[in-house]
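With chain W held as given, fit chain A onto it using these hints.
Protein sequences appear in the order of chains W and A. Taking the numbering used here, the leading residue of the first sequence gets 1440, the next gets one more, and so forth. Taking the numbering used here, the leading residue of the second sequence gets 262, the next gets one more, and so forth.
Don't read these hints as lab results, they were simulated from the structure. It is possible that some hints are incorrect.
Which residues of chain W face chain A? A few of them, derived with a C-beta cut under 10 Å, are [as the list claims (entries may be wrong)]:
id	residue
1	N1465
2	L1562
3	A1618
Simulated pairs of lysine-lysine, DSBU-like, Cα-Cα distance not exceeding 35 Å [said to hold, decoys possible]:
id	chain 1	residue 1	chain 2	residue 2
4	A	K349	W	K1567
5	W	K1609	A	K267
6	W	K1474	W	K1535
7	A	K267	A	K327
8	A	K327	W	K1474
9	A	K382	A	K456
10	W	K1535	A	K327
11	W	K1609	A	K456
12	W	K1474	A	K456
Ideal Cβ positions, reconstructed from N, Cα and C, are used throughout, including at glycine.
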Amino acid sequence: MLKELFFIIIGSVLVNNFVFSRFLGNCPFLGVSSKTETAVGMGMATTFVLTMTAVAAYFIQNFILVPFGLAPFLQIVSFILVIASLVQLVEMVVLKISPALYNAFGIYLPLITTNCIVLAVALLIPQKNYNLIESTIFGVGAGLGFTLALILMSGIREDLEFSDVPDALKGPAIVFITAGLLAMIFLGFAGLVPL
Amino acid sequence: MTQLIKDFTNGLWNENPIFRAVIGICSALAVTTAGQNGIAMGLALTFVLTCSSILVSLLRSIIPPKVRIPCYIIVIATFTTMVDLFMKAYFPPLYQVMGIFIPLIVVNCIVLWRAEGFASKASLARSIADALGMGLGYAWAITLISIVREVLGSGTLFGINVMGQATHWVIMLLPPGAFLVMGILVGIMNMIARKSVKNTHCH
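Extracted from the complex, chain W is given alone in its bound form:
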């Protein structure tokens, strides 16, 4: 049991990293990876929301959608609605409980609704038939993988600002090429755990 959980977390952080091999969450990956500080904030906020979404998705799928036979056609609508309201709720709770924490990552929270990692995790959980614990771990792993990708990229981009990039490649183009090289490195993790 513990071994499987370990496989899930290694699988989603390294082997099938959500950014570099599943291509999820690329918009925020490009948008907020220019400074390490913001990258850490965004990564933490996303991990937090992802963990809660994974739990919520498990309960909605198994206690509402499947028993009432709604899964095929209401899945997308209900998941996205739950994610949107969950993000709103998290924002309010964090503001109430800890204004310091809210200042640290509150501004990233509204952006998370349209981060495709969140909906993807919700949709993948029923597909993979995970139980409650596995779902939670999967959500945490997805968040950590996204955070890792953001931090790696932001470190490189901070240095990239001082380097001599050809005019045409300035901006997103060079970031894509760098991400391609990082993705090549992540290919090296293939086969680390049985999937």
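Chain A alone, transformed into the frame defined by chain W:
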């Protein structure tokens, strides 16, 4: 009429979502391993984008500003579900390849960007022109990426062998290839855009 043409061509080049604005790129990187995937994904997104722009534009005076984003998301999710079920029923092999990226059209930034930034403020005709332009702009961009990756990666173009016995660059079909092709194409488009700006200055 000239306004409509301007709105339509805006998405094709000036504000092309993939190459100029660089948004909604998750699906552009993920599904583009073969030419037909690019076309199918492009058409799916164009459908969702056009239908939701029509509905958002028609409802723009009814939706209260405070809850507009959730309303847009529900509209988009409805049309995405339609595409999802349609593709699952009529094109199962294609649906297998695209996997999760059809339902993920809901959170594709392009759709929400046009709903919030254009359709919620413009008339019906202009919203349709804009949505079609953006959708087709997305479609040609990801078809181009798919063609490059398919030709280099598996030596075929829409399934027909074009590279003879040349070695296939398998890396182009793997995740790093997607990022590299995307980066180089964005760079080339930047170069073309800069050249055309220079030319207009000369006149």
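- Message: Does N1465/W hold up as a contact with chain A if the rule is Cβ-Cβ below 10 Å?
- Response: holds (5 Å)
- Query: Within a Cα-Cα threshold of 35 Å, do K349/A and K1567/W meet the stated pairing?
  - Reply: holds (18 Å)
- Item | Restraint check for K1474/W with K456/A, where alpha carbons must lie at most 35 Å apart | holds (31 Å)
- Message: Tell me if the straight-line CA distance from K1609/W to K267/A falls inside 35 Å.
- Response: Holds: K1609/W and K267/A sit about 28 Å apart, inside 35 Å.
- Message: Can you confirm whether the C-alpha distance between K1535/W and K327/A stays at or below 35 Å?
- Response: holds (21 Å)
- Go through the hint on A1618/W and say holds or violated, using the shortest Cβ distance to chain A against 10 Å. holds (5 Å)
- Within a Cα-Cα threshold of 35 Å, do K267/A and K327/A meet the stated pairing? Satisfied, since the Cα-Cα distance of roughly 31 Å is no more than 35 Å.
- Given pair status - K456/A, K382/A, alpha carbons within 35 Å: holds (33 Å)
- Item | Hinted pair K327/A and K1474/W, Cα distance within 35 Å | holds (32 Å)
- Is K1609/W within 35 Å of K456/A, Cα to Cα? holds (15 Å)
- Query: Between K1474/W and K1535/W, is the straight-line Cα distance small enough, at 35 Å or below?
  - Reply: holds (28 Å)
- Do the numbers back the hint for L1562/W, that is, is its least Cβ distance to chain A under 10 Å? L1562/W check passes; min Cβ-Cβ to chain A is 6 Å, inside 10 Å.
Taken one by one, the earlier hints all hold for this structure without exception.
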